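Spelled out, the chains give:
Protein chains: 2
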Amino acid sequence: MTAIKETSTIQENKQYALEKCPVTFVMEKMGGYWKPIILYHLSTGDKRYSELKRAIPTVTEKMLIQHLKQLEADGLVIREARPVVPPFVTYRLSDAGKGLLPVIQAMADWAFKVKDGVYNLQ
Amino acid sequence: MTAIKETSTIQENKQYALEKCPVTFVMEKMGGYWKPIILYHLSTGDKRYSELKRAIPTVTEKMLIQHLKQLEADGLVIREARPVVPPFVTYRLSDAGKGLLPVIQAMADWAFKVKDGVYNLQ
DNA sequence: ACAAGTACTTACCCTAAAGTATGTATATAT
DNA sequence: ATATATACATACTTTAGGGTAAGTACTTGT
Numbered sequence: 000m001t002a003i004k005e006t007s008t009i010q011e012n013k014q015y016a017l018e019k020c021p022v023t024f025v026m027e028k029m030g031g032y033w034k035p036i037i038l039y040h041l042s043t044g045d046k047r048y049s050e051l052k053r054a055i056p057t058v059t060e061k062m063l064i065q066h067l068k069q070l071e072a073d074g075l076v077i078r079e080a081r082p083v084v085p086p087f088v089t090y091r092l093s094d095a096g097k098g099l100l101p102v103i104q105a106m107a108d109w110a111f112k113v114k115d116g117v118y119n120l121q
Numbered sequence: 000m001t002a003i004k005e006t007s008t009i010q011e012n013k014q015y016a017l018e019k020c021p022v023t024f025v026m027e028k029m030g031g032y033w034k035p036i037i038l039y040h041l042s043t044g045d046k047r048y049s050e051l052k053r054a055i056p057t058v059t060e061k062m063l064i065q066h067l068k069q070l071e072a073d074g075l076v077i078r079e080a081r082p083v084v085p086p087f088v089t090y091r092l093s094d095a096g097k098g099l100l101p102v103i104q105a106m107a108d109w110a111f112k113v114k115d116g117v118y119n120l121q
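Note that the protein sequences, when read in sequence, are chains A and B. So that you can map any letter, position 86 of the first sequence is 85 in numbering that gives the first Met the number 0, and since no number is skipped, the others follow by simple counting. So that you can map any letter, position 73 of the second sequence is 72 in numbering that gives the first Met the number 0, and since no number is skipped, the others follow by simple counting.
The hints are simulated quantities; they were obtained by calculation from the structure and are not laboratory data. Keep in mind it's a predicted model, so treat the numbers as computed, not measured. Treat the hints with care, since some could be wrong.
Identical copies look the same in the list; a pair holds intra-copy or inter-copy alike.
As the list claims (entries may be wrong) - Straight-line alpha carbon distances no greater than 30 Å define the calculated DSS-like cross-link-like pairs of lysine-lysine that follow:
1. K97 / K61
2. K114 / K68
3. K46 / K114
4. K114 / K97
5. K97 / K46
6. K112 / K97
7. K112 / K68
8. K112 / K46
9. K114 / K52
Model the full structure from these sequences, guided by the hints.
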């Protein structure tokens, strides 16, 4: 998407993380500001591009497709385009993407516990 | 830690996310490149600062304490300093931090499934 | 004729996060 | 006297990610 300077330390670190830390491996797939939100919205079923756009009103179109493309490239979502005009494109979770739902769920559980005062974060 | 420009759009978005999306709320606590790795290492028990440093050889000291301070400020880890010299400082997960372990675990499970070929990401 | 809706693309800018390098204080070991 | 270990701090630079704004192509509705 954006050109990557192969020599940068952060890229080397990403290599390290991929081999050494499973958690960071996941963060690389679902990290990025909007990705978890997108996955969350796709967890309830297929969505058209425009449906996602309306469901997440504060995301810009650039960010939305950029992340959708990345998620697709990472094999987490499947893009289906019907050859009609105006375009009709739906996105849905792949099996791998569905496999991330327990992660999403565990996150949501924690967040709700925080809101319910089960944990106090100060 | 770093001064924040209150008017920036990303800050408005963070507000939005906090109220609207539990998943993003979590990502703000444990997002950041090294945080999940640190939590992962603390999940097996208390660690001294220097132990963490050795356990995660590619992290710079600046990043390590910066994230430890943030995790502490967010109420996820507890810092304990014994008044001796040379310093003896241990970090451990708080209850809230321990509450994130299912998230970490779900992530690790997914990563291992990917490695075992349960999902194919291409 | 013109606006609106579809799903994007692209050029440019700005900032937050990460990295580099160096410094601090105190005590023990050599 | 010097080095090492502890746990940081801080000034400066780089980079990756996100944001802004505009444009594309094609069709239906008014």
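Are there hints from earlier that the structure breaks, and if so, what are their numbers?
none
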